[in-house]
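Chemist: Just so you know, the sequences run in chain order A and B. So for the first sequence, this note's numbering puts the first residue at 1; every next one is plus one. So for the second sequence, this note's numbering puts the first residue at 1; every next one is plus one.
No wet-lab data here; the hints were simulated from the structure. C-beta: ideal position from N, C-alpha, C; glycine also. There could be a bad hint or two in this list.
Quick list of in silico lysine-lysine cross-link-like pairs, DSBU-like style, CA-CA up to 35 Å [what the hints assert, rightly or not]:
1. B:Lys-234 to A:Lys-837
2. A:Lys-837 to B:Lys-758
3. A:Lys-570 to A:Lys-548
4. A:Lys-886 to A:Lys-323
5. B:Lys-774 to A:Lys-61
6. A:Lys-443 to B:Lys-823
7. B:Lys-234 to A:Lys-234
8. B:Lys-766 to A:Lys-61
9. B:Lys-867 to A:Lys-774
10. A:Lys-175 to A:Lys-570
11. B:Lys-175 to B:Lys-199
12. B:Lys-153 to A:Lys-823
13. A:Lys-758 to B:Lys-758
14. A:Lys-234 to B:Lys-758
15. A:Lys-823 to B:Lys-867
16. A:Lys-774 to A:Lys-860
17. A:Lys-758 to B:Lys-234
18. A:Lys-823 to B:Lys-758
19. A:Lys-153 to B:Lys-234
20. A:Lys-823 to B:Lys-199
21. A:Lys-860 to B:Lys-153
22. A:Lys-867 to B:Lys-175
23. A:Lys-823 to B:Lys-234
24. A:Lys-632 to B:Lys-61
25. A:Lys-823 to B:Lys-632
Anything over 10 Å on all C-beta distances counts as not near chain B; from chain A, calculated [as the list claims (entries may be wrong)]:
26. Thr-73
27. His-499
28. Arg-708
Number of protein chains: 2
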Amino acid sequence: MSEKYVYRFSKDFNEGDRNMREILGGKGANLAEMCKIGLEVPPGFTISTASCVHYFRNGNKWAPGLADQVNETVAWLEKTTGKKFGCADNPLLVSVRSGSRASMPGMMDTILNLGLNDEVMEGLAKMTNNRRFALDSYRRFLKMFGDVVLGMKAPKGMHDPFDHILEDVKKRTGKKEDTDLNEAELDEIVSRSKEAIQKATGKPFPTEARDQLTLAINAVFDSWMNNRAIEYRKLYRIPDDWGTAVNVQTMVYGNLGDDCGTGVCFTRDGGTGENVFTGEFLMNAQGEDVVAGIRTPRRVQELNDIMPHAYKTLLDAKVILEKHYGWMQDLEFTIEKEKLYFLQTRDGKSTPMASIRIGVEMLEEGLTTEQKVLSQVEANGVTYLLRPIFDPAAQEAARKEGRKIAKGLNAGPGAASGRVVFFSDEMGDKREEWAEVDSHGKKVPAKTILVRIETSPEDITGMELAEGILTQRGGMTSHAALVARQRGKVCVAGCEAIHIDYQARTLSVGKTVLKEGDWISIDGSTGEVFAGKLETAPSEVLQVLKDKTLKPENAPTYRRFAKLMELADKYRRLDIRTNADAPSEAALAVAFGAQGIGLTRTEHMFFEGDRITSMRKMILATTEEARRAALKELLPRQREDFYGIFKAMEGRPVTVRLLDPPLHEFLPQDAERVAEFSKQSGIPVEDINRRIEELHEFNPMLGHRGCRLGVTYPEITEMQARAIFEAACDLKKEGMDVFPEVMVPLVGHANELRNQEKIVRSVANKVFEEKGLKIDYLVGTMIEVPRAAVTANEIAEVAEFFSFGTNDLTQMGFGMSRDDYGKFMPIYLDNNVGILKTDPFISLDEGIAELVRLAVERGKSTRPDIKLGVCGEHGGEPHSIAKFHKLGLAYVSCSPYRVPVARIAAAQAALGLL
Amino acid sequence: MSEKYVYRFSKDFNEGDRNMREILGGKGANLAEMCKIGLEVPPGFTISTASCVHYFRNGNKWAPGLADQVNETVAWLEKTTGKKFGCADNPLLVSVRSGSRASMPGMMDTILNLGLNDEVMEGLAKMTNNRRFALDSYRRFLKMFGDVVLGMKAPKGMHDPFDHILEDVKKRTGKKEDTDLNEAELDEIVSRSKEAIQKATGKPFPTEARDQLTLAINAVFDSWMNNRAIEYRKLYRIPDDWGTAVNVQTMVYGNLGDDCGTGVCFTRDGGTGENVFTGEFLMNAQGEDVVAGIRTPRRVQELNDIMPHAYKTLLDAKVILEKHYGWMQDLEFTIEKEKLYFLQTRDGKSTPMASIRIGVEMLEEGLTTEQKVLSQVEANGVTYLLRPIFDPAAQEAARKEGRKIAKGLNAGPGAASGRVVFFSDEMGDKREEWAEVDSHGKKVPAKTILVRIETSPEDITGMELAEGILTQRGGMTSHAALVARQRGKVCVAGCEAIHIDYQARTLSVGKTVLKEGDWISIDGSTGEVFAGKLETAPSEVLQVLKDKTLKPENAPTYRRFAKLMELADKYRRLDIRTNADAPSEAALAVAFGAQGIGLTRTEHMFFEGDRITSMRKMILATTEEARRAALKELLPRQREDFYGIFKAMEGRPVTVRLLDPPLHEFLPQDAERVAEFSKQSGIPVEDINRRIEELHEFNPMLGHRGCRLGVTYPEITEMQARAIFEAACDLKKEGMDVFPEVMVPLVGHANELRNQEKIVRSVANKVFEEKGLKIDYLVGTMIEVPRAAVTANEIAEVAEFFSFGTNDLTQMGFGMSRDDYGKFMPIYLDNNVGILKTDPFISLDEGIAELVRLAVERGKSTRPDIKLGVCGEHGGEPHSIAKFHKLGLAYVSCSPYRVPVARIAAAQAALGLL
């Protein structure tokens with residue numbers, strides 16, 4: 001007997017359930033599950049993902065036995081429905097849909113009304129007593145089959161041949177909506193569509209239903225490997241070898257007449273999380289019309305007015321499904337002749353804000369579990385709760401000044417101002433073209449808003465780059481809205497009042513015309529659109545936590561945020577620290593829950609005010625004496641900084657990294673500044689230039705920096721150690737606990753650390769003696785040099801802690817400079833080349849993780865209780881955090897704004913969700 | 001009972017032997033051994049190295065029981081000699097010498113005539129009936145005791161106070177030699193020496209013999225930690241914690257009169273290896289006079305004329321000792337009243353050439369073993385056999401032209417031309433100051449000859465940097481000669497005819513005056529000195545092997561070289577390959593015994609002739625098409641190169657590395673060359689400059705290079721693969737075996753290799769089809785990126801071989817750029833800082849070795865038969881070769897001239913000698 005590849009679902013005969021996602025895909029498993037819990041679902045069957053895998057592994061051949069199983073199951077379906085596949089007499093029509101293990105919205109192609117040909121169409125007309133409907137179904141089927149199965153889909157920017165025929169007929173007859181077309185016109189469209197197929201493929205349209213089915217199944221398989229699908233999988237880390245299942249389901253018709261309709265809805269508000277039914281439907285339409293955003297649909301609540309019993313079916317299902325799945329559901333339904341069928345249910349996607357609200361409220365309502373909530377919240381998404389909103393006063397003023405030009409759907413919460421861009425593929429270039437230079441002299445790409453009539457999967461890259469998305473058409477579940485919420489982008493969708501002219505590159509509302517490059521501001525929480533730039537204000541969370549301008553009781557978003565953090569803290573095992581170089585940053589991080597500082601970069605302190613002059617004098621000194629004199633000027637400043645940071649951390653551990661960057665970074669970078677510094681310091685220009693020349697390095701990343709500075713200029717380490725311990729002692733005298741951890745950077749050899757440790761401890765002892773007290777402290781090292789990782793057993797003889805500097809460890813471990821890798825990394829990440837799946841500087845690479853693992857293992861072999869943490873930027877990236885959790889580290893450290901992200905990710909890691 | 005710290009040696013009572021080096025040091029063990037085999041040795045005792053170790057571990061305190069043991073043993077010595085320590089009546093005087101496990105010539109201080117004071121001196125005068133001798137011994141003792149024990153040694157460049165007194169008296173009295181001084185003058189010197197001691201130390205000279213002994217023992221201990229000793233240990237990798245033994249031995253006197261003398265001699269010629277007694281002696285002198293090189297001594301053979309029976313004692317001892325020790329011996333002897341005593345014997349140091357001759361001949365004479373020979377030959381030294389000699393015609397011409405200005409001792413074979421430098425500490429600066437630019441535009445430090453009246457340990461660094469050393473004074477065993485031979489430097493010593501004026505910075509012979517910076521040429525094999533620069537000719541070995549201008553039977557040096565290689569090949573287990581980029585190099589390496597090519601760098605091939613223009617066109621191409629066109633121009637050239645190299649290797653495996661360096665290295669480096677290339681290629685200057693700008697990298701070491709080029713421009717890999725396989729097929733058609741190993745550089749991730757492997761194999765198949773034949777080949781990778789080392793198991797899924805690129809592995813593993821590390825490495829190597837013992841780019845670092853070990857282990861876990869080799873420069877360095885041997889690699893690859901070195905080192909490694 002051959003392997004089982006086909007699984008049936010129906011109220012009476014049901015072979016699957018929701019635990020069979022791997023084999024049936026998400027959609028198939030849910031269809032079976034819906035049947036299992038008694039919902040009205042059109043019967044059908046699912047061809048397993050294993051069939052798809054077999055197909056690709058065997059040169060696009062079907063698995064042995066699959067054809068027979070499909071045939072048998074079609075026979076069963078005919079029996080169940082009492083209809084006949086490919087027969088004019090009471091014909092059985094089916095939909096063919098993809099459905100993989102992970103949800104991939106908009107990525108896979110769908111075919112409806114399969115089974116039609118001229119004859120069957122007439123049979124359908126007879127059966128439904130509606131030839132117009134039968135013709136409409138037929139022309140839709142021809143288009144979908146032509147586009148998806150026969151590969152006639154027009155290339156990007158070109159007009160689809162079927163759309164062309166449709167528009168042509170509509171134009172000629174003066175019909176506006178598709179529904180206005182009459183039978184004769186539809187007859188013409190059908191006939192011309194068939195001609196188009198003959199012309200494009202050189203063959204007539206396949207009229208045999210079983211041929212159609214076979215071709216459609218293959219097309220679904222093939223769509224697993226189309227570029228959009230590959231792109232999506234890359235973005236969401238879905239393995240290529242999962243494959244997709246194929247769902248073949250009896251058609252029900254939302255377009256049989258005015259007692260028919262179709263809709264998609266969420267059991268809660270996916271934009272705000274509010275516990276209200278949201279969604280849209282269209283009467284006399286097929287499902288794709290809603291999702292595609294071509295016609296603006298009606299709010300789901302309005303169904304209550306049109307067809308109350310159908311609305312009640314939805315409301316009843318909501319209670320059953322939310323309790324059953326433990327999450328807000330995303331439903332697809334079709335009403336055929338007043339009977340409501342469920343076509344799909346799945347956990348609904350929502351904005352990060354909404355996820356939190358849904359999770360916290362469903363928990364309170366007893367509908368879900370803490371784990372489910374943590375599994376549904378995207379850790380990165382929590383940052384959007386911290387994103388600016390428009391400054392309320394500025395926003396009010398803009399309204400009064402008449403700068404509010406339109407209102408659309410609040411499809412992606414948050415506030416965004418940017419320059420108008422109309423074409424996604426130009427987004428990158430425009431951001432560069434309009435780039436501005438910030439106060440540090442760094443070039444910053446321009447902020448942009450993508451403005452489209454509607455978006456499609458081709459726009460994904462442009463949407464990623466934009467601050468926000470504004471669309472003219474489409475509802476809360478349109479492509480733009482779904483993607484924006486998934487990626488945490490600000491989005492106003494379905495803003496019908498605006499008119500977009502791609503040719504002229506303008507958007508206009510009445511007399512207001514905005515050109516490409518003009519500023520526009522959109523409020524994704526209210527749906528408002530403003531001409532010009534609008535000032536922003538801190539998020540509610542920040543107004544409570546940092547600015548204290550809002551009381552928690554008046555801040556519901558903050559309260560839900562706090563509840564989520566409480567949940568995260570309950571499950572996580574990693575401590576979360578922050579990287580902070582100033583007291584204000586430290587204080588903010590503490591507000592966000594940081595349990596210490598994992599990295600204080602002392603070099604940033606040398607750039608402030610006139611310190612840089614002292615620093616430069618130190619670098620230009622030719623004798624140890626002169627160097628010491630300059631360092632003496634720096635000492636009180638460093639001490640102040642440490643004092644402030646220690647104080648802000650209120651007794652929490654603070655890891656201070658000794659001077660790290662090469663000295664040339666501190667010297668003036670151009671002739672003008674050299675001249676200026678020469679004037680300030682009295683050092684001749686040529687001496688400064690000579691020193692700049694001397695300090696030039698071929699590979700500064702691998703040069704004279706890190707502990708190499710401290711080894712060659714021990715007086716720098718002495719000064720820094722003194723500043724740390726004096727500040728700590730001063731605070732302790734004031735009664736505050738201080739716990740400094742002195743971190744030596746760029747150690748590759750135990751002796752380097754030994755050398756620096758000796759200096760630090762000797763200065764500490766001197767200071768303790770001078771101040772008449774002692775404080776506890778640790779001396780440890782960054783592990784960022786590969787040699788250090790593999791000799792960690794030796795280094796741990798000296799180091800009391802390791803902090804993994806995964807940025808540099810990646811640079812050196814991979815032999816890849818972050819300043820230079822832009823030249824080849826895009827190609828490495830290109831799916832056709834397929835070297836890497838993710839940028840190793842964004843998410844911790846497996847090979848670099850192996851270096852960390854070796855260091856952990858070896859470090860512990862010498863010092864079992866060694867303190868282990870991470871201070872590289874990976875410390876704030878969820879997937880990396882999951883790796884650090886598995887490696888058994890004690891903490892991760894990240895920038896203050898990522899502390900909440902890290903708290904959630906750490907909990908998700910502890911629960912095995914990442 | 002306390003531990004035994006003191007071991008006696010004498011003809012009758014002997015507690016040690018030569019196997020006790022660890023505890024007695026080399027000198028102590030040999031003294032005992034000499035006693036054991038019946039030689040006449042003045043009796044004494046050895047204080048163990050353990051005493052020294054205890055001393056340093058316990059704050060410079062003696063081990064418990066040591067004082068008692070010393071006292072008891074002194075009593076025994078008094079009994080054995082019948083003399084009394086510290087007693088005027090028949091006084092016992094002793095020498096106190098250091099002696100560590102490893103021989104450290106000239107590095108440790110010695111005290112002679114210990115036991116003297118005013119009274120004892122008079123007793124000695126009476127006993128020897130020679131008050132002049134007693135006074136002379138006394139003033140020597142005072143000087144040595146003052147210098148060494150009381151720390152009065154003058155700082156560098158200053159005049160020693162005792163020498164000052166001596167010179168002062170000599171000057172005043174017009175006496176030339178020390179031996180000319182009379183009793184009254186010596187009385188004055190003694191008296192003024194004691195005053196100098198009182199003045200310098202604030203205390204009178206210690207007159208108690210036992211106090212003197214205690215202080216002297218401590219001084220020997222302390223000298224273990226003096227800077228010279230530490231420096232020497234660093235150079236020779238001797239652990240600090242070995243400690244030194246102290247040898248206390250009854251004095252015998254070479255300066256009792258004309259029937260006395262002292263000498264050092266080698267049982268063979270340490271310069272040439274010839275089986276003739278060599279050495280020097282001085283009558284009426286103490287040992288230090290010979291070694292110090294102050295008086296030019298007489299050849300040891302002349303002793304036969306003066307005192308035939310003493311000479312016969314020496315000759316008899318030679319036979320006994322050579323057979324006993326299996327090596328040429330370095331003897332110290334003293335004749336007291338016609339009786340010859342042996343003071344020391346040890347394996348003699350010799351030039352590399354001499355070592356080989358000695359080894360091969362002693363083997364033939366049945367006096368030694370193959371292992372002993374391999375243990376005595378310094379692998380690095382063999383390169384000196386390959387060093388140029390002066391072109392015989394040019395040398396003859398120079399002689400005729402009267403440019404030969406002097407003749408000294410042939411103390412270090414080889415020929416060297418260079419500019420005169422007088423001061424060692426200026427050597428580095430002068431080499432830079434006079435640096436020349438070679439044909440590749442690279443700055444090359446000037447060649448220099450160090451010219452000194454005599455050398456001392458302070459000159460070591462300068463001697464290392466110089467091409468050769470010329471001294472005015474000192475014999476074949478003077479400091480200059482010993483060091484030169486150990487380090488393989490060309491040296492002419494004791495060239496009395498030259499006059500050196502340090503003030504004027506000139507050397508003159510008659511009317512010929514050479515100034516600092518003038519060229520001079522020295523022949524270390526003949527002792528000749530020539531004014532000006534002399535052309536050189538290839539060594540005898542090369543004349544046989546490469547130039548075929550000499551027949552082996554006429555080339556005794558070559559024959560010994562060949563015998564040594566045969567010996568090495570018998571024991572080694574590592575294969576030796578070569579790094580070669582051209583057929584001529586490949587052929588040379590084969591002559592030197594290379595078993596294949598471990599690294600062919602293809603980029604060098606792109607610089608030749610007009611190829612660079614094609615290469616530049618390729619880089620400047622903006623389309624794949626244009627790039628392919630330029631590559632098409634390069635293809636036949638690369639094919640030719642590979643053809644030549646494969647042919648030269650005659651079927652041996654050849655590892656070809658695909659293009660590695662960043663593209664910007666191939667572009668013109670200055671405006672002038674840009675203009676020139678623009679003219680050649682017709683590409684506008686601004687386009688070239690834009691591309692140069694585009695290709696600029698912040699850290700080129702970590703940039704767009706290695707396989708990253710091949711991944712981003714697959715057409716480059718295609719072209720290179722095509723050139724390789726076409727050349728291989730062409731040769732195979734001609735009947736020659738070819739075995740290419742295609743090596744992908746800078747792989748960090750298995751997918752990079754996978755990507756390149758696919759291209760290489762696909763091109764190979766195409767070429768095989770076109771040519772109608774197949775050849776065997778491998779595809780593998782460099783392991784030079786740390787990530788590759790730790791993921792070697794994954795990489796070995798694709799790689800058929802690993803070749804460790806330890807240069808880059810060190811750069812990345814240590815995070816240290818070779819172009820930049822000069823700024824801190826000297827400090828890292830400084831013994832006072834003590835971070836590293838050796839430069840990791842010269843000798844493989846332990847941490848980098850650990851990365852290699854991981855890669856070996858993991859690579860084998862996936863592919864047990866993976867071929868493993870090394871192609872970094874460490875592949876030619878003996879200590880690194882020993883590490884590679886231990887790591888179980890199959891081969892090392894090095895530059896052709898280092899192939900013989902590697903063969904020996906590999907044998908030494910296999911025998912556990914390294």
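Chemist: Taking the hints in turn, state whether each one holds.
Modeler: Hints versus structure:
no.	hint	in the structure
1	B:Lys-234 to A:Lys-837	violated, 48 Å
2	A:Lys-837 to B:Lys-758	holds, 19 Å
3	A:Lys-570 to A:Lys-548	holds, 26 Å
4	A:Lys-886 to A:Lys-323	holds, 32 Å
5	B:Lys-774 to A:Lys-61	holds, 33 Å
6	A:Lys-443 to B:Lys-823	holds, 32 Å
7	B:Lys-234 to A:Lys-234	violated, 55 Å
8	B:Lys-766 to A:Lys-61	holds, 29 Å
9	B:Lys-867 to A:Lys-774	violated, 58 Å
10	A:Lys-175 to A:Lys-570	violated, 61 Å
11	B:Lys-175 to B:Lys-199	holds, 27 Å
12	B:Lys-153 to A:Lys-823	violated, 63 Å
13	A:Lys-758 to B:Lys-758	violated, 53 Å
14	A:Lys-234 to B:Lys-758	holds, 23 Å
15	A:Lys-823 to B:Lys-867	holds, 33 Å
16	A:Lys-774 to A:Lys-860	holds, 28 Å
17	A:Lys-758 to B:Lys-234	holds, 23 Å
18	A:Lys-823 to B:Lys-758	holds, 22 Å
19	A:Lys-153 to B:Lys-234	violated, 76 Å
20	A:Lys-823 to B:Lys-199	violated, 73 Å
21	A:Lys-860 to B:Lys-153	violated, 50 Å
22	A:Lys-867 to B:Lys-175	violated, 75 Å
23	A:Lys-823 to B:Lys-234	violated, 44 Å
24	A:Lys-632 to B:Lys-61	violated, 41 Å
25	A:Lys-823 to B:Lys-632	holds, 25 Å
26	Thr-73	holds, 41 Å
27	His-499	holds, 40 Å
28	Arg-708	violated, 5 Å
The structure does not agree with the numbered hints 1, 7, 9, 10, 12, 13, 19, 20, 21, 22, 23, 24, 28 stated previously, though it agrees with the rest.
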